[in-house]
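Peer 1: Chains as they are written, first to last, in the numbering used here: chain A, 1 to 594; chain B, 1001 to 1166; chain C, 2001 to 2122.
Treat the hints as calculated values from the structure; they're not laboratory data. No residue lacks a Cβ here, since even glycine has one placed at the ideal position from N, Cα and C. Keep in mind that a hint or two might mislead.
[Said to hold, decoys possible] For lysine-lysine, the following BS3-like pairs were computed, each having C-alpha atoms within a straight-line distance of at most 25 Å: (1) A:Lys-32 / A:Lys-100; (2) A:Lys-83 / C:Lys-2043; (3) C:Lys-2083 / A:Lys-100; (4) B:Lys-1116 / A:Lys-20; (5) A:Lys-100 / A:Lys-182; (6) A:Lys-593 / A:Lys-534; (7) A:Lys-454 / A:Lys-476; (8) A:Lys-83 / C:Lys-2011; (9) A:Lys-476 / A:Lys-344; (10) A:Lys-250 / C:Lys-2016; (11) A:Lys-534 / B:Lys-1147.
[To be verified] Distance ranges between label pairs, derived from CB positions: (12) A:Lys-526 / B:Tyr-1070: 52 to 60 Å; (13) B:Glu-1045 / C:Ala-2056: 25 to 33 Å; (14) A:Arg-478 / B:Glu-1033: 48 to 56 Å; (15) A:Glu-245 / C:Lys-2118: 16 to 24 Å; (16) A:Ser-589 / B:Val-1021: 36 to 44 Å; (17) A:Asp-37 / B:Glu-1045: 33 to 41 Å; (18) A:Glu-417 / C:Ala-2056: 56 to 64 Å; (19) C:Lys-2118 / A:Lys-100: 23 to 31 Å; (20) A:Leu-343 / B:Glu-1033: 53 to 61 Å; (21) B:Glu-1056 / A:Gly-265: 39 to 47 Å; (22) C:Lys-2016 / A:Ala-264: 25 to 33 Å.
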Amino acid sequence: MIRNQLLVCAGGACITSGEKSVKDVLVDELKKNGIEDEVQVIETGCMGACDLGPIVVVYPEGTFYQKVTAENAGLIVNEHLVKGRTVDGLLYTEPTSERKAQTSGDIPFYTRQVKRVLRNCGVIDPLSIEEYIARDGYFALGKALEMTPDDIIQVLVDSGLRGRGGAGFPTGRKWKATREAKGSPKYVVCNGDEGDPGAFMDRSVLEGDPHSIVEAMAIAGYAIGAEQGYMYVRAEYPLAIERFEYAIGKAREYGFLGRNILGAGFNFDIEIRIGAGAFVCGEETALLRSIEGKRGTPSVKPPFPAQSGLWNKPTLINNVETYANIPQIITNGAEWFRSVGTLKNPGTKVFALVGKVQNTGLVEVPMGTTLRELVFDIGGGIPGGKKFKAAQTGGPSGGVITADYLDMPIDFDSVKEIGTIMGSGGLVVLDEDNCMVDIAKFYLGFTVDESCGKCTPCREGTRQMYQMMERICDGKGRDGDIERLNKLANMIEDTSLCGLGQSAPNPVLSTIRFYEDEYRAHIYEKKCPSHVCKHLLTYSVTPDKCVGCTACARQCPVHAITGEVKKIHVIDQSKCTKCGSCYEICRFSAIRKE
Amino acid sequence: MKMNLEDRLKENPELKKQFDVLDAYIGELGTPEGSLINVLHRAQEIFGYLPDEVLEFVSSRLNVPRSTVYGVVTFYHFFSRVPKGRHTVTVCLGTACYVRGGNAVYEKVMRTLGIKAGETTRDGRFSLDLVRCVGACGLAPVVVIDKDTYGRSTPEKVAMLLNKYA
Amino acid sequence: MKSLEELKRIKEQTLKEMDLRQAKERGKVIVAMGTCGIAAGAKDALMAIIEELEKADIHDVKVVQSGCMGLCDKEPTVEVAMKDQPAVIYGDVNDANARRIVREHVQGGNVVADLVIKRENI
Ligand SMILES: Cc1cc2nc3c(=O)[nH]c(=O)nc-3n(C[C@H](O)[C@H](O)[C@H](O)COP(=O)(O)O)c2cc1C
Ligand code: FES
């Protein structure tokens, strides 16, 4: 008889912070106390609060233990489970009220979220198909198979679901087009490439609730008339690949994949295809080439994949999070789906809240939630008392949302108006220490690396832009650079072949729009206002703070610092490479950076 | 003169074993159509990198032109044409890691090992790679060494991390 | 898997196994598991209660453990706190008494008078 269950978060971040050894200690301690038959340890998908990991939740109490380590995990067994005493030291302390939170229900990070896509993540064992079924899993497939394909598509159209892969295209319309397209066989593809660096929503769904995607893809197969599905996952996500593979196997065993599914005469199966590290493969036409085993170069649209996709056959391609919504829409109906979010953007959106924010992690909120709620109410604000500067969305294809727009509801349409895109959900918070010119350069560097080389504007144009940005950051900016950047950017946008090139200049355009003064400071004053761009910095010793400890002189890799013990030190600017080692090592804040 | 593969396999049972594993994997594929990338992944797992003879073998086994195989291998960052060190250090420079100081970590690793991304130390101990996000952004900046992921890394921690891998 | 019927069966069965993770609203049974409680047999009481609830098919009552309630000579002690009712603390809860408490109090709604050591003020 099981009296307690320990749910251990095995999401990417928790594994990184030592989940495996925590789990081993828990299992060991249970055995030592002879209660391994009464207490079950279950590894789940990402619970979202990555910053608090590793996380262990004890049921039935629901006690939420955070930052558990191999050293203190034993306490959970020896105190909580053996003696019934909550381990106060491992509870989360709410920073404002300084109250200890007993369960996740006491933590604002959780209470403000609406979990739909993530409803099973961190709640069920992703390896257990039974637990998925217990949470109504595969009932949507059962229901769908009793409906006509047209009815299913109508429900999706009515729901107003828009693709979560970035562009926000109406999903129902896409399904309809693929169903109506001539040609056979047809294919169902799931885009799990998640190329936006700094985003991990899809990864968490695939790791934490893989069956929801298997089920959705099967429903899609039935609705559009396909018997074969492909799941494309990036190679950087080995655990997602492993769990999805396992889920496919289980689904076959239970007859949710294979022949004559649920006795309805419908056949469907899924194969996994692994990416190999090419960002452009997230773009749908490139992804399809990659599934075919070829170089992942994009092609001009139209024809759209719905008409001519995989092996030139009609192909439905949707993002992981888009699929994750589908079983629940079938089960609960279009009206239910519309009950949260806004009129044109119904439902929820999962964001990967990262960067300069207190509570990093995965959050799911209704569409139309404001940036302020995301960053401050859920995210707990900026660490170290720093000032919020902007949030970057849409990765290398996107731009920034500045402090002036903190109260703007975020959805596909509103962010477009201020020159960025929703993207797939990466939300990188930047504070006053981040230089916007540097960030734009970073994204551009990414595009230069990732441009597939097929079309000239993207291959050469982004490189030219990058060189200009590099010059600006190196203090060699020239009058007219801003205008030149704008002109080149517009040209690349207009003439590139695929979405990668067409959106590549966005980070630059967006930062010029809101932070032109920072660009000007770099170009005309040769100053980086945020003290980031190395070549625009000068390090010097503040004489009245220097105690002559010699630490900086010993640290300096190029021996640019001279001075004797207990005498004020001096930096030779002609030798200084601006590596910042002296700034880091000085314990008396005597090195000035400006 | 370069010996042909068959003769070399006769002399080198280790190598033969590796080719047998790859051969068996290809044999088990249900639909070889479009499986080239999956096969290359498996081959890199087995051999550690993708030398000419492996590519030629894959080409003839899958009946795909050699030019296509080379084209694919050189297109994707994941595939390596040169042998890797015993350990692979991968520094994440995805956005989350970058804004939280991943670059300083990367520079420190470069300085410590004396190599750049894509290179291997002379003693064959470490290879260095860059990636754009491993999905642990909550703990940025992130360094991955072989299969171990380290979050909240700093330039100061680099030496300590590297020392764990002989 | 041949039918929806079969799917429902798996769901029902697994829900029981996942029962611990559901929100339980009707009340809770708290077993004091301090050192003295354990020495006096609190673990047997705990397991008996869980078993008995299972037998009676009761899934809306949570069983939780607490530290010592400070009534060491009456250990094992168990508190039954049903929603909208005053909490009751029972003493000397051995296996058999634990089962009685579940049957009579949790299921039947009647306080097991002879085992009560303390009642919350009404
Ligand atoms: C350069 C580029 C990269 C993209 N990367 C991804 C990605 O990583 N994941 C994704 O789902 N969609 C990505 N997309 C969008 C896809 O092309 C496609 O629109 C999407 O998979 C459609 O699914 P949805 O309608 O469900 O959003 C990318 C597009 C471009 C232009
Ligand atoms: S950006 Fe480094 S792990 Fe995501």
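Peer 1: For the pair Lys-2118 (chain C) and Lys-100 (chain A), does the Cβ-Cβ distance stay inside 23 to 31 Å?
Peer 2: holds, 27 Å
Peer 1: Given a hinted range of 25 to 33 Å, is it respected by the beta-carbon distance of Glu-1045 (chain B) and Ala-2056 (chain C)?
Peer 2: violated, 54 Å
Peer 1: Please check whether Asp-37 (chain A) and Glu-1045 (chain B) have a Cβ separation lying inside 33 to 41 Å.
Peer 2: The hint (33 to 41 Å, Cβ to Cβ) holds, given that Asp-37 (chain A) and Glu-1045 (chain B) are roughly 39 Å apart.
Peer 1: Quick check: does the Cβ-Cβ distance between Glu-417 (chain A) and Ala-2056 (chain C) fall within 56 to 64 Å?
Peer 2: holds, 60 Å
Peer 1: For the pair supplied as a hint, Lys-83 (chain A) and Lys-2011 (chain C), is the alpha-carbon distance within the 25 Å limit?
Peer 2: violated, 33 Å
Peer 1: Does the beta carbon distance between Lys-526 (chain A) and Tyr-1070 (chain B) stay inside 52 to 60 Å, or does it fall outside?
Peer 2: violated, 46 Å
Peer 1: For the hint 16 to 24 Å, verify it against the beta carbon of Glu-245 (chain A) and that of Lys-2118 (chain C).
Peer 2: The hint (16 to 24 Å, Cβ to Cβ) is violated, given that Glu-245 (chain A) and Lys-2118 (chain C) are roughly 56 Å apart.
Peer 1: 48 to 56 Å was suggested as the range; check whether the CB atoms of Arg-478 (chain A) and Glu-1033 (chain B) agree with it.
Peer 2: Holds - the Cβ-Cβ distance for Arg-478 (chain A) and Glu-1033 (chain B), about 54 Å, lies within 48 to 56 Å.
Peer 1: Does the Cβ-Cβ separation between Ser-589 (chain A) and Val-1021 (chain B) fall within 36 to 44 Å?
Peer 2: violated, 59 Å
Peer 1: Is Lys-2083 (chain C) within 25 Å of Lys-100 (chain A), Cα to Cα?
Peer 2: holds, 24 Å
Peer 1: Straight-line Cα separation of Lys-1116 (chain B) and Lys-20 (chain A) no greater than 25 Å?
Peer 2: violated, 31 Å
Peer 1: Is the Cα-Cα distance between Lys-534 (chain A) and Lys-1147 (chain B) 25 Å or less?
Peer 2: With a Cα-Cα distance of about 33 Å, the restraint between Lys-534 (chain A) and Lys-1147 (chain B) is violated, given a limit of 25 Å.
Hint compliance for this structure: hints 1, 4, 5, 7, 8, 9, 11, 12, 13, 15, 16 and 20 are broken, all remaining hints hold.
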